[in-house]
Structure formats: structure tokens, C-alpha cells
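Quick note, the sequences are listed as chains A and B, same order. Heads up: take any position in the first sequence, counting from 1, add 50, and you land on the working numbering. Heads up: take any position in the second sequence, counting from 1, add 50, and you land on the working numbering.
No lab work stands behind these hints: they were computed from the structure. Computed from a prediction, not measured in an experiment: that's the story for all the values here. Quick reminder that beta carbons are idealized off the backbone N, C-alpha and C, glycines included. Certain hints may be false.
Unchecked claim - Output of the computed footprint for chain B on chain A, the stretches with three or more beta carbons under 8 Å from beta carbons of chain B:
1) 56 to 64
2) 78 to 84
3) 205 to 212
4) 281 to 293
5) 348 to 359
There are 2 protein chains.
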Amino acid sequence: MNISERLLAGDKRAAARMITLLENNDPEAIELLKDLYKYTGNAYVIGITGPPGAGKSTLTDKLAKLIVKQGKRVAIVAIDPTSPFTGGAILGDRVRMSDLSANKNVFIRSMGARGHLGGISEATGAAVKVLDIYGVDYIFVETVGVGQSEVDIVKNCDTTVMVMVPGLGDDIQAIKAGVMEIGDIFAVNKADRDGAGKTAREINMMLDFNKGADWRPPVEKVIAVKNEGIEELFNHIMEHRNYMIQSDNFNHRRKINCKNEIVELVKQRVINLMLDKSYNEEFIETLSEDVANRKNNPYSACEEILNKLK
Amino acid sequence: MNISERLLAGDKRAAARMITLLENNDPEAIELLKDLYKYTGNAYVIGITGPPGAGKSTLTDKLAKLIVKQGKRVAIVAIDPTSPFTGGAILGDRVRMSDLSANKNVFIRSMGARGHLGGISEATGAAVKVLDIYGVDYIFVETVGVGQSEVDIVKNCDTTVMVMVPGLGDDIQAIKAGVMEIGDIFAVNKADRDGAGKTAREINMMLDFNKGADWRPPVEKVIAVKNEGIEELFNHIMEHRNYMIQSDNFNHRRKINCKNEIVELVKQRVINLMLDKSYNEEFIETLSEDVANRKNNPYSACEEILNKLK
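Here chain A stands alone, though its shape is the one from the complex (with noise of 0.2 Å):
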């Protein structure tokens, strides 16, 4: 069997490999994924995020339980930062030593954030393709929820859990202006410490400020070490697919998502094209010499190499 074959009949190594092969923009493997995108569509994807601290990757192991217990299969696919020096994804050793890994209907993959040639966003992309194919029915994507990039990834899932914690201080204020309007449902993890009511009245008082949606995000306190909530908290997750099904948001969010994926591709293609060594590097190296010693600014510049595109 070749790979996409053996991919459609459930093989865990060639899924393994078939993002590895995505992971670094191999051109075939992009060819075979574009014959196998219609048996996309499947998965449920999840997004978990939330700021450094919340304990989303707990959080995430203990939901992937409850799915399996329910005879289902489940994916994680855990975006880590990079080691500068290392340049290998560090949290993949440390938190992802889950009892969870052995199991034959559990995949979990930890991407380093950086060294995509297509970005991040791409990668994650395709790996949920994959996995979608490969045949299982919830893919987690965890992210930490800050940057553009982290919310760009997780507004691509059909639903996203915001995790929250007591004791970020007053900049709850700032991580909660970045990313609120990403999360379908918060979780307020950590809730035996002090302040998790605080956080959790914070949270449900801006979420009243946004008046007239039909969607009121719920907001749910876990104890995710204790696996206490996580019952709770995939409830919530399932009403909010039922609400998205029910309203047909599920397929206007969808094709939103295609749109952004879309045209996020085309922007990678139109970064690669241009820094393309063989084609244009010494042209952008004398341009940008040149905007540095002040002969040019770097919007002739840019319209230069706009023309030179076209």
C-alpha cells in the first residue's frame, strides 16, 4: 500500500509521516493531500488556548480521556514553543509523558512553533487534515493564546475553550482584550486557588458586555489535575457544536476557515516566491542595503518587488 492508502485505512505511522512530510513542504505530499482533501471534514477540532500557566496541556489530556472512555478516537495536536538554542519543541518531553500516548486510539503530536517554511499556521493546518483522514473523531489543536499567530490557529477550530486561571493579576485585563472573542466556551482552571470566583465574575461580566449574541460562552471552573469539570466542560463543548449545527454556523464558520486558510496560503506561496534564493535574494540584499544606508525607503522598496513579481 502507498502512503495515502495506507493513511485511509487507519495507519498510525503514515500519519505520522505524512504530517512530517507537511511539516516541510514536500511537494508530493502536498500533491497527495490535495486527492485526499475530500475525505476531510469529519473531526470535531477543538482549540484549546489560554495564557502560559493556565494548564492547558492537563486540561487536554483530561478531556482526550473522557472521549476515548467513550469508545471514540482522538488526536492532540500541541503547538510548542521553540528552543532558540536547542531548536527542538521543549514542552513535547516535558508535559507530554501522558499515559495517554500508548493508547492505540489516541495520536498526539507536539509541532514546534517555528522553522515552518509555511508558518506555523500552515502546519497545524495540515495536520489536522491528516489526522482528519486518518480517521478520528475529535482533533484538540493547544496553543498558547496571545500572539496573532496562536489566535489565527485556533480560530480555524469549530469550537475554541479559553483557559483561564486565578492570580494573573491585572494583566487578566490584557490577555482576556487579546483573546476573548475567540472563546466559545472559558474554563477557569486552577479553581481551588485563591481568586478563581474573581476571575471567573471577570470574565462572565465582559462576556455580558457583548450583548446580542446567540451564542452566551459559558464560563466553567475545573480543577483539571483532579479531573474535576472536565465532564462539565465537554457538555459545553457539545452544546456549542449542537448550537453551531443547529444554526448552520458550523458550515458558514467552516467556510470561513477555508477562506482564511486560503488566503494565508497564498501569502506563504508569495513569501516563498520572493525570498526564493535563486530568484531574488541578491535583488532584496541590494534593496535593503540600500533602504539602510537611507538611497531608498522601504516603500519604493516594496513597490520594486511588486513589480518585479508581477
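Start from chain A and add chain B according to the hints.
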């Protein structure tokens, strides 16, 4: 006097107006900036970044006060998360009630992280240029440093201070890994808190992995609210500046920054061109719908757009 002349004459209101125009990608303002670009390159640009809760604003304020005392002029460009519900930059109001804002030698600007046609990175770059032309000696660019766009912003500075803080728990590993490489100087703020020594040691250990670099980032414990360690921190900034200039890394980095900026501009222009309503929206909508319905796939759709852009 027109706005360019007023800007060159050091008119504060002209600077503020020009930044606003450029935030809105005003074509005339961009034309003016092309001509004015030759007057840039004199201000020293210092990035201040770190996780939420690190006390970056207070630290920046204290550094700015120190510089003002030395008879120099200073600007602060603070990138704030944007409230999704109110649309405004929320920290602008909360934090910047500084006694500095009334000082004639200080220019403070809060910028919302979203809502810029060209992206926050482009808007920040434009603001830095305007302030450079306006004639300040130092420009601080302050941003939450976890995501990629935030990292991109401080990468374009001459010297970057990473502000860390005790009590981030295990997730300090993730934060460190994500942003370690961009810190020329590390400040451990709130150094009177438990765990400050441990945090400083962890950072030092991580830095020691990176053997062979010419510049070993110093790690300085500070208590910004008490103004402790601020002078030492500023001295480190000056040492880094001297090192950069003497080793010619200064010009090298500025050239790389120019290149990054040009690439970023091209990327944005392509996106704008692609999404231009009068041009392509219907085409992209149809493609997205076909992809959502699995009649097409994102990779082929991307190629169709690229062909059309040509």
C-alpha cells in the same frame, strides 16, 4: 507649514497626526514618509517585551524618566491588546496615566494591536520612523512578547530588553523558549518577590547554553515600582549599544531589519491586493465555498489565486 515641515520642526501634534494617518495606511502620508525617510536613523530604538504581568509599562516609564533627566528626548510606543468588544486599546487608558505624558520631552503613543490594514508590525514601524524624524533620542517599543507578531516587532529594535518576573511557575520554560533569543538584556522585575533569585539563575543557565556568542546578555534584577536597578539596566542598554556599534553589528542588524520590513510590506500589499473588494472578493468567496464543500482543496485554490494575481 505643511505637516512634513512641522514634523521636521519638532511639532508634537504633527507627529501624532502623521502616526494616525499612517495607521490608516493613508496613501498621501506614505508618499510624505518616502521623502522624509532620509531623516530617519538617528533615534536609538529599544524594545521592551515580556509576558503579561511582568511590569513592562512601569519599567519603561522609569527608564524614560531617567533619560529625560539626562536632558534627552524620548518616545514610548506601547502596543496594547485591543478590546474585542469596545474596539479600543484598553491599556492606553489604564496604564498610561503617567506624569510623563505632560512632559514636553516625552511622546507617548498607545497603539491597538489590531485593526490596522497593514498589520501592527507595519503600523509600529511607521510610528517609529515618524518619531525618529520628529527628533527624539530614544524610542521605546513596548509589547507583550509571547506571540510571533510581537516577536517580529521587537526584533526590529536596536536593543531589546526581555522583562521576566518571578512566579511564572513551570511555564517560564515555555516563555523563555519562545522569546529567549530576542533578548539582548534580561531584567528580572519585582525582584523583591519570592523566587527572583531562582528565575535569574534559570535565565543565566539557559543563556550559558548559547556558547560562542559575542554578546552574553546580562541578567539584572530590578524593582521598577521602587525605581531600583533602573540605572543599572540603562547602563546595560548603553553597553549593548556600544558593543553593537563597535562590532559593526549595529549596521548589520539595521540592514536585516530593513529587509524584514520590506518583506513584511510586500506580504501585506499582496494580501491587500488579493482581498481588494472590487477585484477578487467574489472569486475568493466562490473558491472558499468550493473548498468548504470539498469540491476543491485549499492548495489548488491557492494556486488559482496566484495565477490570477500574476
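Practice item. Sort out which numbered hints this structure fails and list those numbers smallest first. Key: 1, 3, 4
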